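*Asks:* Spelled out from the first residue to the last, the chains are:
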Amino acid sequence: MTIVGLILAVLAFLLAWPIPAALARFRGDPISEVVLWQAVGLSGGLSLIGAALAFAVAPGATSLPSGIVSLARGESHAQLSIMAWIFLIIAVLLIGRLLGCLILTFYSARRARLRHDEILHLLSEPSATYPDTRIITTDEVVAYCLPKGPRKGTAVLSTGLIEALDEEERTAVIAHERAHLDFRHDVLVIPFAAWHQALPYFSATAIGLNSVNQLIELMADDEAREHVDPQILARAVRSAAAISPDHRSELSKQRIRRLSRPLDSARIPVRLMSIGLAVVLLLVPTTLILAPAAFGI
Amino acid sequence: MGTLGELERSVMDAIWVHDDGLSAAELREVLADRELALTTVHTVLSRLEKKGFVTRDRSIRPHRYLAVSTREDHVAELMTEMLSQAPDRQAVLARFLGTVSEADTKALRNLLGRNHSTHS
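Protein sequence lines, in the order shown, are assigned to chains A and B. If you count the first sequence from 1, position 83 lands on 83 in the numbering used here, and the numbers rise without skipping. If you count the second sequence from 1, position 2 lands on 1002 in the numbering used here, and the numbers rise without skipping.
In short, the hints are calculated from the structure, not lab data. Computed from a prediction, not measured in an experiment: that's the story for all the values here. Idealized CB from N, CA, C, for every residue including glycine. Among the clues, some could well be false.
[Unchecked claim] Computed footprint of chain B on chain A, listed as stretches where at least three residues anywhere in the stretch have a Cβ under 8 Å from a Cβ of chain B:
(1) 47 to 56
(2) 133 to 145
[As the list claims (entries may be wrong)] List of simulated lysine-lysine pairs, BS3-like, C-alpha gap at most 27 Å:
(3) A/253 / B/1050
(4) B/1051 / A/148
(5) A/253 / B/1051
(6) A/152 / B/1050
[Claimed, not checked] Facing chain B, according to a computed beta carbon distance under 7 Å, are these residues of chain A, among others:
(7) 121
(8) 122
(9) 123
Working from the sequences, and respecting the hints, build out all of it.
*Replies:* Okay, here's the thing in structure tokens:
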């Protein structure tokens, strides 16, 4: 069991630093990247918890599940040393913290969304032109969306944005926001917001959250292409950048570059490969945790 | 729900421009073109009170209703939420095109800070 613990610890380390750093630099198909990020997040958490548990049940146990069962039964060969106790407590705290933050993030995001929606309804008017869209009176140049239930939710445009963009550009922006809503991109962000809250000192969680937040923008752009001319959406991003210095980010530049080119024709095979890789990433720690005896280690 | 939401918005718009607050009867006068029954006005007001948008001054009769925050403060609250870098807030809104500038962020934060201190 000690060897299993060591392998899981090395895996947790790789998934906590070198792999996320490499993944953050990877520039390809956003859907593939998001899939890999989710797998890295889950696999990293599993490896970390698995490593702590493996060290805790290390003496005498042939596999992690059987070790935990004999531990729970209080069998004599499973008497814990002080070190084992420490690892067990670390494992339990980690599980509690990760799951606790996930649940907390989910509910606090939901509550904040409902509150935002309540205030929004007092401050904004429904758009006469676009369905499920509200117009808020403020000079800021903003467009965002408020997810709510499956395939619902509200796109929000500011009067500042409406003045800054022409009608074609506005339609393109709405198509981008609707893509976020229709494909529930917020759900992809929740686990990373939770992992970052649970382990804020792990740079991987910050990189992950930041990357996924940027990737959903690219995903929404790709999806919006189905409904609007990508050149017009690129123009909208450029117009917004011209008005507010904050829009002149690396992300805006990347979006304009992507929108100016056709979608990569190799994206489907890349996506399939990424899904395969994600499955492997998840299977490695799962197999090590559940069936180490099968490998004789 | 649509009409009720619209009614709430009109009531808030009226209360926001009357700094001294309004009684339910006065509110009905302000919104005379909507020909509301007084009970409807009361219903809308108690909904808004429950949601924390208005407070009721019970020291005088008839009770007067006052806005908890100004309209601008509420706009600032939404914009700040949109800009927030806190992880749990990043999961609230699925992304936006555009944010406000750093200077505006500070101004919004100040506005919110002031708002919080006057109510605490």
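*Asks:* For each hint, tell me whether it holds in the structure or not.
*Replies:* Structure-based check of each hint:
Against chain B, the stretch 47 to 56 of chain A contributes 0 residues with a C-beta closer than 8 Å to a partner C-beta. That does not satisfy the three-residue criterion, and the hint is violated. Interface restraint, the stretch 133 to 145 of chain A with chain B: holds (9 residues with C-beta to C-beta distance below 8 Å; minimum three). A distance of roughly 45 Å separates the Cα atoms of residue 253 of chain A and residue 1050 of chain B; the hinted pair therefore is violated under the 27 Å criterion. A threshold of 27 Å between alpha carbons decides the hint, and for residue 1051 of chain B with residue 148 of chain A the separation of about 19 Å falls inside it, so the pair holds.
At roughly 41 Å between alpha-carbon atoms, residue 253 of chain A and residue 1051 of chain B are farther apart than 27 Å, so this suggested pair is violated. With a C-alpha separation of about 26 Å, the suggested pairing of residue 152 of chain A with residue 1050 of chain B holds against the 27 Å cut-off. The interface hint given for residue 121 of chain A is met, as the beta carbon of that residue sits about 5 Å from the closest beta carbon of chain B, less than 7 Å. Interface hint status for residue 122 of chain A: upheld, as the beta-carbon distance to the closest one in chain B is roughly 5 Å, under 7 Å.
At its closest, the beta carbon of residue 123 of chain A sits 6 Å from a beta carbon of chain B; the interface hint therefore holds under the 7 Å criterion.
Comparing the model with each earlier hint shows violations of hints 1, 3, 5; every other hint is respected.
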